[in-house]
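There are 2 protein chains.
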Amino acid sequence: MQEIFDYIDDHWEKAISDLKRLCRQPSISAQSKGMAEMARLTAQLLKEYTVSPKLLPVPGSSFPVVYGEIKGQSPVTLLFYNHYDVQPPEPLELWTTKPFEPALREGKLFARGVADNKGDIAARLLALRAFLKVRGRLPISVKFVIEGEEEIGSPHLAKFVEQNKRLLKANACIWECGGMNWKNQPTVSLGVKGILYVQLETRGASVDVHSSMGTIVPNPAWRLVWALASLKDMDENIRIAGFYDQVRPPTSQETKAVKAMQSDEEEIKESLGLKKFVKGVTGFDYRSRHILEPVLNICGMESGYTGPGSKTVLPCLAHAKLDFRLVPDQRPDDILSKLRKHLDSHGFEDITISPATEGENPSRTPIDSRFVSIVAQAAREVYGMEPAIIPSMAGSGPMYSFTDTLGLPTALIGVSYAGSRPHAPDEHIRIADFILGAKHIAVLLERMASDWRPARK
Amino acid sequence: MQEIFDYIDDHWEKAISDLKRLCRQPSISAQSKGMAEMARLTAQLLKEYTVSPKLLPVPGSSFPVVYGEIKGQSPVTLLFYNHYDVQPPEPLELWTTKPFEPALREGKLFARGVADNKGDIAARLLALRAFLKVRGRLPISVKFVIEGEEEIGSPHLAKFVEQNKRLLKANACIWECGGMNWKNQPTVSLGVKGILYVQLETRGASVDVHSSMGTIVPNPAWRLVWALASLKDMDENIRIAGFYDQVRPPTSQETKAVKAMQSDEEEIKESLGLKKFVKGVTGFDYRSRHILEPVLNICGMESGYTGPGSKTVLPCLAHAKLDFRLVPDQRPDDILSKLRKHLDSHGFEDITISPATEGENPSRTPIDSRFVSIVAQAAREVYGMEPAIIPSMAGSGPMYSFTDTLGLPTALIGVSYAGSRPHAPDEHIRIADFILGAKHIAVLLERMASDWRPARK
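Top to bottom, those sequences are chains H and S. Note that my numbering numbers the first sequence so that position 387 is 387, with each residue one more than the last. Note that my numbering numbers the second sequence so that position 45 is 45, with each residue one more than the last.
Keep in mind that the hints were calculated from the coordinates and are not lab data. Just so it is clear, CB atoms sit at the ideal spot from N, CA and C, and this is done for glycine as well. Any given hint could be a false lead.
[What the hints assert, rightly or not] With a straight-line Cα cutoff of 20 angstroms, these simulated EDC-like cross-link-like pairs (lysine to aspartate or glutamate) come out:
{"#": "1", "chain 1": "S", "residue 1": "275", "chain 2": "H", "residue 2": "162"}
{"#": "2", "chain 1": "S", "residue 1": "275", "chain 2": "H", "residue 2": "208"}
{"#": "3", "chain 1": "S", "residue 1": "276", "chain 2": "H", "residue 2": "208"}
{"#": "4", "chain 1": "H", "residue 1": "276", "chain 2": "S", "residue 2": "446"}
{"#": "5", "chain 1": "H", "residue 1": "276", "chain 2": "S", "residue 2": "350"}
[As the list claims (entries may be wrong)] Reference listing, derived: stretches of chain H covered by chain S, where coverage requires no fewer than 3 residues with Cβ under 8 angstroms from a Cβ of chain S:
{"#": "6", "stretch": "72–82"}
{"#": "7", "stretch": "212–219"}
{"#": "8", "stretch": "222–230"}
{"#": "9", "stretch": "389–399"}
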């Protein structure tokens, strides 16, 4: 492997320069901005790295999947799931340099999308090139699925995967991005939570009226407050009947992995200006809540007059946006129907529910899968330390299509670190992590060729 | 009185033309727009109607009180409380004609402020002129207090009244505006509710974070929802300890008056597109709730992302605006301290309370006061029917300074009707009501000279 490492050490600047090309192109799916250009540029880059690209239409979506494949020595196949879209860059005034003008400073590259997840696309391509240049071929075959709707909830990917099972056949999957934790320890994450995102809305009179009418005119803001308060109590228990029924208890290995994780509590508290966490949790309870438990969050709510000063008004409309984060084996459609039943049985028939999308299922790859031990071993070789094994991310993604529809063990590794600020101003990666990340992929390809055995599922 | 009525019938067009002058001048206290011009114009108009005007500074305010007085035959003195400020005219697109370009159509005059309450200033001046032209003098003395901050809660008027007790000495007070109910029956209202307007606010992390952090990062939107739900239950009971302690039970006369009122339920329901009222109340319960009971209203609330589509965010800030409408003998400062105690004792020490102003006390003039019978008798003579006696408005105002600081029995009568749309687009009055309103004032002046005896307090 030393020659491969040397190649990466000698040529990362070219890869960073290609990464800048990716970052210079805005690709904001939420605003349909630069998406066609970005799909073409991504395909172009794959081609430059000897990966045959195709733009595959996605049913129901305007943004194609950029698919790529390259054969290797062994028929073992690793699939990379990535996305070419990014979050909107706002608020612009909080960026030190412009979000779509990638800037290198203090060993870091700043740009919207560099951490989530264009940096990983570039690092993975660098690892491939190293093998091709040094050895003339890859140890195993590789496929890329790079979608354009991850940042808007991947609403059409499940269907795409269903329809392309044969094309996407592989042995394992590396997920979009990941990286170092607050202790500069590499992480290998093995799942995502599911999500159900809904808007609740209720109406009162046909127009806003004077607030003195509150004696007799129903106020939708009160209705919404009462309904929301009925969903979750002050001890964070979700009060929807049957909400927890499908929660599969964590395996002993998952519990053990969460126990083994180092604490990042002080770092998180400091970075967010918090004195304590929800329910005052610390240690194992803190990590377990975050990684293994479902949650119900208010993303936003609004009613009536919210400007400066006072206005004596009784609003005619109130709405809230909620997201449920789900764990195996909860399902968004089941939770949606339980939410409707809850509202009806608590006297809130007037409150409508609009799901933003169909939601996403939770997904986890078992810690004892062979693939996980290969990814972890590759991390030990590159980073010189034990990686943190994390049973699940707190966030969501379309992973279920890969783990369950395609049956692939899936792991998240990547070139970010805990301070990378994905989705936020001054998003960045550290160049050192980029180089290590490329090497991690390289060792993984090599080890998959030598160590892979089909999963014992 | 016939000569006086004839004068009003023959000269109302000149008064309407003066009213248009008042309405053409914007005077938006909330935006400090046109206020100095309006104060000068109001004083100018008083002068044209032979009332000596003065602009009196109001401690703490940039907007003076326009004070005026004119002596009459009898030393009995009636004080008119009015205001020269108006509500902002927005939303402009819902006005048929421009808010500050008064327009006559179908026997109605449309303009911002014409109903609330410039029309009443003009009608009262017309009544005075009728006496002066027909008889050369007024039957009684009259004083005007026309303030510039009514639409922003009269924050400085109480102090002004305290400091000008001698100047404002009078025997009774006619309040800013009033008029016909949905049945075209004149109303005589005898009180206002008190008000306490507060903003509640709570903060979580120092910045908005990804919603998947909801497992561990406190969400101020949830805190606010739980706090609000603790303040009022779904049966509309306000759960703040001691909230109802100071509520004085209505007198038998007040209850009788509310019972005697005609129903406007169908008109209100139709105008607001409602199927039923809060708690399903009808008849006496409906009117009693509206007129005699305190209420807690959410005027607005906001947290996190409230735009189109979905954003998975955990907000760092949540706030709500509330108004309490109070009845005798509740006091805003007492309710404010009970609210703070409630939040503290329910675990909401994190929620701050910012009162918009010091609030206003409730006020009621007893139905059996001599002044009320004089006002009612004058109404019978002018309108040819029994007026509706309403123990209190549902809204608020600085009446306490007049009823309690100055000790004046106070009644609301005026030139509006139930469809006048005060504070809303297409605010208007009917010309016929304007003429009747001027006559009502004229008869009242005459009867005060003959029938007034000091209150038997």
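Hints versus structure:
{"no.": "1", "hint": "S:275 - H:162", "verdict": "violated, 48 angstroms"}
{"no.": "2", "hint": "S:275 - H:208", "verdict": "holds, 16 angstroms"}
{"no.": "3", "hint": "S:276 - H:208", "verdict": "holds, 16 angstroms"}
{"no.": "4", "hint": "H:276 - S:446", "verdict": "violated, 72 angstroms"}
{"no.": "5", "hint": "H:276 - S:350", "verdict": "holds, 13 angstroms"}
{"no.": "6", "hint": "72–82", "verdict": "violated (count 0)"}
{"no.": "7", "hint": "212–219", "verdict": "holds (count 8)"}
{"no.": "8", "hint": "222–230", "verdict": "holds (count 5)"}
{"no.": "9", "hint": "389–399", "verdict": "holds (count 4)"}
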